[in-house]
Amino acid sequence: MNRPAKHPSKRATAVTGPTALYDVPGPRTRRRHRVYGVVTTAAIAALLGWVLYLLFDTGQFTAVKWSPFEYRGIQDLLLTGLGNTLKAFAYAAVLSLALGAVLASGRLSEHRPVRWVATALVEFFRAMPVLVMIFFIFVALKVQALPALVAGLTLYNGSVLAEVFRTGVNSVERGQREAAYALGMRKTQVMSYVLVPQAVRAMLPTIISQLVVALKDTSLGYLITYEEFLHAGKLIASNLDYDLPFIPVVMVISPIYIGMCMLLSWFAHWLAGRQRRNPRTDAAGPAPASPGTLLPGAQ
Amino acid sequence: MDVLTKNFSLFAKGFLGTVELTVYASLLALALGFLMASFRVAPIRSLRALGTVWVTVLRNTPLTLLFFAVVLGLPRFGLVLPFQLFAVLALGCYTSAFICEVLRSGINTVPRGQGEAARSLGMRFGQTLGGVVLPQAFRTVIPPIGSTLIALAKNSAIAGAFSVTELLGTYKTLNELGYSIIWTFVWIAVGYLIITLAISALFNIMEKRWGTAR
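Sequences listed follow chains Z and G, in order. For the first sequence, the residue numbers in my numbering are 1478 to 1776. For the second sequence, the residue numbers in my numbering are 81 to 294.
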């Protein structure tokens, strides 16, 4: 424990990081920190214990509440729900990438009216709550639940992605574009052979983080009675035969939902880290917007 | 078109509901986000771990699932609160994870020398953080906090589906009364635009007054 650290510099950065907040602690401070550490760990453990006590006290671990998960029909129900969630996500992801590409090329167009229309669309769809769009499509336009959900998610995420693509293209060094024009390429060729590949590569972590937002938002389908994962959970949770196993359902569903999103976030993070280490992408310029900090509706 | 004039009080009630929800949830999100950000930069490992878990879990939780768990789940523990309070809790906790990350990236932009100067004056960790580093970090993160709170205002629409009086929920009543749905949604959209534009104007003013060009 008290051995001198083998890599003093490594240890120092691990403790202090790049912040201005504190120095490498000395022996007395380290002892004090250890005491604080034990106290906070105890406090956190006490909190967790209290939650566990509440769970037991309100009878959340009784056999009857967990029995539904043994049945084939209910497992199938959950799996179908999960499948529907993934289906909505797949459609929304592909379509919003396509819409994003269309809107971005609109915003980058040389024709003013096209630019204006694309800008207006992007600004409007980013300013609206996704749920308002989904409800509008579902209620006012009387569209089925799945297409309504996918359309709402596509309009919103597509216009956010359009901005991501646009900033990506704009952040490619000017010289790249000039060189391509100098070779006699047309604008479409400059875009598709030179700018877009570099832009996409640089923005890939951000794009995937936005897809995490889309994945999270598929759960909005629950509110328009699309039979997705949460909907399946609700069906089981409100079953009287199993003594309303609400908390068990939450305890089963949440880790799966959160796990899927974390996996995708982690992938974005990993990509960003890999790009930061890769000297070749430095040429592309744009600092990869920190992945995972995206909030549905932010930006 | 006349949906608005004939049902102004209903719209006003929904609008105020959304505003209230946004304000209370923002306050909770800022307070919790600030707390978690200070945990995440603290020298104590267990506090850092707590902050990391809080942020990672909440950032990857679908907000609908969180609402579902809070509004329908907490009563199972005997915690029965008004729906609006549940909504504030869910929205505030969810957004606090994003506020925390914004604040933390702001803290990282403060030059190390500032902290060294504070320490050489004999300040403790809390004093350095609260008196020197955070005020400067705050100035750099005004715009991203603004967009996070705009997102919060938009996300508050979900609360309507969980029995909270707010703007989007008004469509249900008006739909039953047989008014034109399209116009109802137009006015709802206008309502949300007013709220988000107001927040962005507020943060523009704040940025002009306090923002830094470091």
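Read the hints as simulated data drawn from the structure, not as lab findings. On a predicted model such as this, the values are computed, not experimentally measured, just so you know. There's no promise every hint is true.
Derived CB-CB ranges, DEER-like [unchecked claim]:
1. Z/1666 - G/280: 36 to 42 Å
2. Z/1575 - G/201: 55 to 61 Å
3. G/107 - Z/1528: 41 to 47 Å
4. Z/1678 - G/136: 47 to 53 Å
Cβ coordinates follow ideal geometry from the N, Cα and C atoms, glycine included.
To see whether the hints hold, each was checked on the structure:
Between residue 1666 of chain Z and residue 280 of chain G the C-beta distance comes to about 38 Å, which sits within the given range of 36 to 42 Å. Between residue 1575 of chain Z and residue 201 of chain G, the C-beta spacing of about 57 Å keeps the proposed range 55 to 61 Å intact. One distance hint, 41 to 47 Å for the beta-carbon pair residue 107 of chain G and residue 1528 of chain Z, is violated here, with the actual separation near 25 Å. The hinted window of 47 to 53 Å between residue 1678 of chain Z and residue 136 of chain G is violated, with their beta carbons roughly 27 Å apart.
Hint compliance for this structure: hints 3, 4 are not met, and every other hint is.
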